[in-house]
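K.L.:
Now for the letters of each chain:
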Amino acid sequence: MSTRSRLLLCVAVLAALHLGVACAGFFAPYDPAAQDREHPYAPPMRLHFVDGQGGLHLRPFFYAQALRSGSFDAYEENRTRAIPVKFFISGAPYRVLGVLPLRMHLFGGDVPVYLLGSDGYGRDLLSRVLFGGQVSLLAGLIGAGLTLSIGLCIGAAAGFWGGWKDEALMRVAELFLALPWIYLLFAMRAFLPLAVPPLKAFLLVIMVIGAVGWARPARMVRGIVLSAKERDFVRAARGFGASGGYLLRQHILPETASVVLTQAAILVPQFVLAEMTLSFLGLGVPEPVPSWGNMLASLQHYNVLVSYWWMYLPALAMVPFFLGYLVLASLLQGSRGTSKIGEVFGGV
Amino acid sequence: MTRFLVRRLAHAAFLLLGVSLLAFLFSTLAPGNYFDEMRLNPQISAERLSALRAEYQVDRPMAVRYARWASALLHGDLGFSFAYNTPVAPLLWTRARNTLLLTGTATVLVWILALPLGVWSAERLGRPADVALSWATAVLLIIPDLTLALGLLVLAVRSEWLPTGGMVSVGFDGFSAAHKIRDVALHMVLPVTVLVAAALPVLLRHVRAAVAEALEVPFLRAAEGHGISRRRLLYRYALAAAAHPLIALFGFSLGTLLSGSLLVEVVMSWPGLGPFLLEAILARDLYVVIGGVLLSTLFLVTGNFVADLLLYWADPRIRSEAAGR
Amino acid sequence: MEPVIRVENLVKRHAGRGFGRRAPGFTAVDSVSFSILPGTTLALVGESGSGKSSLALCLACLERVTAGQIWFEGRDLAALEEKELRAVRPKLQLVFQDPANSLNPRWAVGKIVAEPLLVQARIAKRERDARAAQVLERVGLSAEYLERRPQELSGGQRQRVAIARALILEPKLLILDEVLSALDCSIQAQIANLLVELQRTYGLAYLFVTHDLRMAAHLADEIAVMSRGKIVEQGAAEKILRHARCEETKSLLGAASLAPEAIAAVRER
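Protein chains in written order, with numbering that gives the first Met the number 0: chain Y, 0 to 347; chain U, 0 to 324; chain B, 0 to 268.
Just so you know, the hints here were simulated from the structure itself, not pulled from any lab data.
Below are the DSS-like pairs computed for lysine-lysine, each with C-alpha atoms no more than 30 Å apart in a straight line:
no., chain 1, residue 1, chain 2, residue 2
1, B, K124, Y, K228
2, Y, K164, Y, K228
3, B, K90, B, K110
4, B, K110, Y, K228
5, B, K82, Y, K164
6, B, K110, B, K82
7, B, K238, B, K171
8, Y, K228, B, K90
9, B, K90, B, K171
10, B, K229, B, K171
11, B, K110, B, K124
12, B, K229, B, K90
13, B, K110, B, K171
14, B, K124, B, K90
15, B, K82, B, K171
16, B, K82, B, K124
17, Y, K228, B, K171
18, Y, K228, B, K82
Pulled out of the complex, with its shape left as it was, chain Y reads as follows:
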């Protein structure tokens, strides 16, 4: 398969994954904030195709779970009643992209279906993973966009202006690179108000993540701009009386496109991870808004770790996305594969 078709396949798969998360309302059976006090810490329910008598059903079904009497976290299946899975049912209302109100869900049942189990408040984990993905992925995407924009501007300015302005900007970039980014991230976040409403917290997280990583892209862009500036076709354009802005727009910045794209593929998963880390430690998006990070925070409690293993599952949600972006980045880089990926994944 040629590189081009591999690239397209990779982008298609990533797009599908993102689309799935974007349509969280549809794929998730429940509202992520809906609590079910009767089913706290319910384990994942198993889908069956074969019933107790050995009969095969085409439509999968499950057995309702209920708390064993006298226990507060042990469940047993009620095998007397098979609840079939219903597809395309109407359920809790949601909005697509925050605008379009719909009620249709991919699947559900007459009684609560917890494919991935539920958390301490009885909230469906699958739904929370999907909606949490929206938060985490968006934070990563916007954060990466912000970093790249800042890096592009500063790198282009430094490379184009040259002289002392270039020196000064690159020294500042070096400073940012000299700081261990994780500490910088935490310090920046923590020195902003801690107890803020979820939306503001989300924006703060994005801002902080975006402001931390600009130095490396800036340096790369600067290198490209420096060499592009000296190309004869740029000088020729100057010879026709082209202004600096024209040169940048028409000739120089297009040269940076491939680097910027590759950096984007590398940075997005990193930034998603950064948001997860921040939220995991309580510095990110707070409850009740789900994010992959804050959903894992409960694992810091020993009893959760021991008894409720399904609370770990949100940690795996990131993996297919990571894989997709990794493949994308290595495809974009062509044969020079190792150098940049290692540089970034090896701990910034």
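Based on the hints, put chains U and B in the right spot on chain Y.
P.N.:
Same frame as chain Y, but now just chains U and B:
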């Protein structure tokens, strides 16, 4: 040679200065500080509060505070922790030691594993063994640290083979020396595994790429023609030629000794610098945070500096370039 | 007759870089003076490092001059600000040596050739394309080349595109910086003949920068020999070729194998 050294040192000093300024700036510009939080505590009287404020000179202008702090720093005094009410330096040092134990072990392991594996892999470039190894490392690469750490923790808890968290077991002080060592070592297994698993794929790929490239070089073919043994060829010649990017990576490894393990330490409750700093950040313990950030930056800068020195010593091209100026 | 361009005591000094003794500055062009009459060709000949390319860039106002004057259309270009220069630039264009470098590989030929119009004047796209097609034809390329990319063209064709681009603003003077050096021998002759023809048709003046005296002989009315930033010998082409005085000229003459026919061809012009 000395010109080079002096320039790199000046560069490093500049970086540290800049970082300290940045850190100080951040923390003093932050809304809310330790004393505001304390004011909300009814148990602390107003006089005590203002006495404390005067003691820590919170109300002086920023430039003055920075100047005082900087001069104290040069005397080795990192300031005072508001929360613990003791000097910052010894606090940091104990925690840093714990972190270094972890990361030092992990770093040594990673390099011991990566070098031979990388060379072995580069030798068999493209063949089934190499491809299999590449896939294995790719799998490790995809799994984020957080996922891996938590996953191992869950497994450890359910299997009860290894202690899950902390550095020492209950009753540590009463153990014999050998038992103490064994205890700490057992506690180290999980976090070190995560650190190694995180760093190994990357390093391995780099070693493999660098050695593979070095193996292509004509002078190696010539050496082979002279009858030099394969093993000697690989280790003494190819690895040496591949040294340049590897030394840079080694400097990077050194540099991240203090900062690379923050997440792992928090997840595994290892009493290192990471969790300590996090706690200080949340409590707005200003001097602890600045001291911690500075310390880890010091390591980063030193790591780069050592790498520069090693490169200078190892690569004659750099020496001649520097001398030619 | 008024010269198209008159250079007086031009000096170009490159500043030293770094503090102290790192890289000392040096003088690329050391007080050079000459003039070019309209419709004629002055060949600037010298070895690499003689300063001829620096001089070319200064004349094209792509580098700032350290001292001296460049009189063009009654104004001193060296003293003008960028804004004022903009109005003058169309009249004096530079063609670069390597068309692989001087044409943006991402652009189609039509866009490349029309670029000066895009930068200088507010002309509608259709008009720009029409003019581009016109000027391409003048350099011997049909309209089908408009959509092609530089990579699809041969070296000679690319250089024709570069020349076309320089011509589209109807300049009075073309500075040709080693424009034949990157081409194969057989193609060199083609492009050289094209240049001669264009000069005849449009009355263009040329500053032909080269290290190859043979090429200079083919095209030039006057020759100036440059060495280490100074002009060491200058005069009518035939005189220089027959009665070279300086060492440098003689060595350049020796380097170029000049057949008697070539010298005779010069005399004919």
